[in-house]
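For the sequence shown, the residue numbers in the working numbering are 7 to 126.
For the record, the hints were derived by calculation from the structure and aren't laboratory data. It is possible that part of the hints are untrue.
Taking CB as the label site, the calculated pair distances span [what the hints assert, rightly or not]:
#: 1; residue 1: N98; residue 2: W69; range: 33 to 41 Å
#: 2; residue 1: A31; residue 2: H59; range: 26 to 34 Å
#: 3; residue 1: V25; residue 2: Y109; range: 44 to 52 Å
Ideal Cβ positions, reconstructed from N, Cα and C, are used throughout, including at glycine.
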Amino acid sequence: MAKRLRATAANALVLIDIVFQAFGAGVRRLVVLAANNPLAAMAAVGGLLWWCHRRGFLTRDNWRRRLSQVGGVAKPVLELAEAGMTEHQALNDSLLVVEPPVYPPMSSSRPGTSRAAAVP
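With the hints as extra help, turn the sequences into a complete structure.
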């Protein structure tokens, strides 16, 4: 019998955070590489744009159709993220911050004694 995993909104946010961190590391390396080699980066981007244009990916009708599909997919994801943030905020608000009591400043001598009495 297969176990079924139940994902809560908080688990989904943790997963999204991990994916963004992993994806962000790769993107950062690409940006650094492009900054160090601007001519090669421009050639790569230009070649990619030319290839996309030749394949028909950059037509206006194609963009409209794809963006409407992205909008339909993004709505449930955004609702899930909002539910997770609400759950996170509720958990965060339920935490109680306890501050330590304020101690009196430490003095160099104890009450009832004097320096003169301590020296023989």
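> Any hints this thing doesn't respect? Which numbers, in order?
Replying inline: none
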